[in-house]
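There are 2 protein chains.
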Amino acid sequence: MSKLRVSCFSISLDGFGAGPEQTLENPLGIGGEALHEWFVPTRTFQKVHGQEGGTTGPDDDFGARQFANIGAWILGRNMFGPVRGPWPDESWKGWWGDNPPYHRPVFVLTHHARAPITMEGGTTFHFVTDGIETALAQARQAAEGKDVLLGGGAATIRQYLRAGLIDEMHVAISPVMLGSGEHLFAGIDTIKLGYRRTEYVMTPNATHFVLRKG
Amino acid sequence: MSKLRVSCFSISLDGFGAGPEQTLENPLGIGGEALHEWFVPTRTFQKVHGQEGGTTGPDDDFGARQFANIGAWILGRNMFGPVRGPWPDESWKGWWGDNPPYHRPVFVLTHHARAPITMEGGTTFHFVTDGIETALAQARQAAEGKDVLLGGGAATIRQYLRAGLIDEMHVAISPVMLGSGEHLFAGIDTIKLGYRRTEYVMTPNATHFVLRKG
Chain H
159 MSKLRVSCFS ISLDGFGAGP EQTLENPLGI GGEALHEWFV PTRTFQKVHG QEGGTTGPDD
219 DFGARQFANI GAWILGRNMF GPVRGPWPDE SWKGWWGDNP PYHRPVFVLT HHARAPITME
279 GGTTFHFVTD GIETALAQAR QAAEGKDVLL GGGAATIRQY LRAGLIDEMH VAISPVMLGS
339 GEHLFAGIDT IKLGYRRTEY VMTPNATHFV LRKG
Chain Z
159 MSKLRVSCFS ISLDGFGAGP EQTLENPLGI GGEALHEWFV PTRTFQKVHG QEGGTTGPDD
219 DFGARQFANI GAWILGRNMF GPVRGPWPDE SWKGWWGDNP PYHRPVFVLT HHARAPITME
279 GGTTFHFVTD GIETALAQAR QAAEGKDVLL GGGAATIRQY LRAGLIDEMH VAISPVMLGS
339 GEHLFAGIDT IKLGYRRTEY VMTPNATHFV LRKG
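Protein chains in written order, with the numbering used here: chain H, 159 to 372; chain Z, 159 to 372.
Because the hints were derived from the structure by calculation, they are not lab data.
Check the hints yourself; a few may be wrong.
Stated by the list, open to error - Partial selection, computed: residues in chain Z whose CB lies under 10 Å from chain H:
{"no.": "1", "residue": "159"}
{"no.": "2", "residue": "160"}
{"no.": "3", "residue": "162"}
{"no.": "4", "residue": "325"}
{"no.": "5", "residue": "336"}
{"no.": "6", "residue": "355"}
{"no.": "7", "residue": "358"}
{"no.": "8", "residue": "361"}
As the list claims (entries may be wrong) - Result set (EDC-like, lysine to aspartate or glutamate): computed pairs, CA atoms no more than 16 Å apart in a straight line:
{"no.": "9", "chain 1": "Z", "residue 1": "350", "chain 2": "H", "residue 2": "325"}
{"no.": "10", "chain 1": "H", "residue 1": "371", "chain 2": "H", "residue 2": "325"}
{"no.": "11", "chain 1": "Z", "residue 1": "350", "chain 2": "Z", "residue 2": "325"}
{"no.": "12", "chain 1": "H", "residue 1": "350", "chain 2": "Z", "residue 2": "326"}
{"no.": "13", "chain 1": "Z", "residue 1": "371", "chain 2": "Z", "residue 2": "302"}
{"no.": "14", "chain 1": "H", "residue 1": "304", "chain 2": "H", "residue 2": "288"}
To be verified - Rough simulated footprint, nothing fancy, chain Z against chain H, three-plus residues with beta-carbon under 8 Å:
{"no.": "15", "region": "167-180"}
{"no.": "16", "region": "323-336"}
{"no.": "17", "region": "361-367"}
C-beta: ideal position from N, C-alpha, C; glycine also.
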């Protein structure tokens, strides 16, 4: 059964999934890069970004699970890029260069239609304008029985979480305070929504936990 | 220099300092007891509650720091008891029996005046009706140069935090989701208030961190 999963989504000690004032230079907001310091040194992260080596252990295990059995991705528009409102032209093709680290169909939520973009390495960006359920249906179909990974950002995860559509969610709490930004759980009662914590793993770099529905 | 400190304040993975629906039977709200599971087995907790034995290590070290160099306590009224509104009589004397684990002057914030209560073992409850600054001034005077410990609950800590009056704050994230209740940090920008994280210690039972002002 194909699942909708969130994986390796990092939040601060005070619960923010990105810092304030996101810009082209600071896609994760002020201080937001520090959220991923547990993940960057891992073998999985290094390999995905074309590098050799990297650390192994629980941090890397969670990283590796992110990419296992994934058939398609869903991204919020802010995670795809800093452009807001109607697309001024076709020039923005994501943060990741010609060969993005997805290598699968990626469904980008937006209010503004745009033709699909085929990138190198198997990534195709599809733009979905009619809501999160449609994006999920399209991604499931593209995934051909594999899981769909919901990449973020926080606002997009919150939408899917409130709708009860996420099956499994791995969150990493990083040892950083952000003070403001996009909060992941504020105002969302995961208990009432039927989620329970099934895993809890601490490393020197992060506190990992997994929520599952039902 | 006497500090105002918060110590061993436990929050859930989703940031709540107590669960929903606090009652006489459930003073920490539904599920809230689980917040303290890291602390209860420690030698410090056991000793404070008149028991022998208990675990040592980082959890216990944080527990021991809570009680070091403390001259007075401040508590919110909900932490003192479940009574709301005017005191119906003098019968409620806290959750802790005749010999509360404070052994020092305790200043209870309330909107309703009441005469001090002298308990066994050195604890006296004083009721302060004119605000958090007054309670702090009185507690500092009673502490005679030692630190003042702000015991909670979350709403009271939020008031002092917003006013920038807390000098040092140790928080423990417990491996539990609560879904709703009293959130500790929601809407409070600790970075703008001048706090920075100075310590970060993980144990199998909790993620500890310390914020300091300046």
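Verification of the supplied hints:
no.	hint	result
1	159	violated, 24 Å
2	160	violated, 25 Å
3	162	violated, 19 Å
4	325	violated, 16 Å
5	336	holds, 7 Å
6	355	holds, 5 Å
7	358	holds, 4 Å
8	361	holds, 7 Å
9	Z:350 x H:325	violated, 36 Å
10	H:371 x H:325	holds, 5 Å
11	Z:350 x Z:325	holds, 15 Å
12	H:350 x Z:326	violated, 34 Å
13	Z:371 x Z:302	violated, 22 Å
14	H:304 x H:288	violated, 23 Å
15	167-180	holds (count 3)
16	323-336	holds (count 6)
17	361-367	holds (count 4)
This entry does not satisfy hints 1, 2, 3, 4, 9, 12, 13, 14, going by the numbered hints stated previously.
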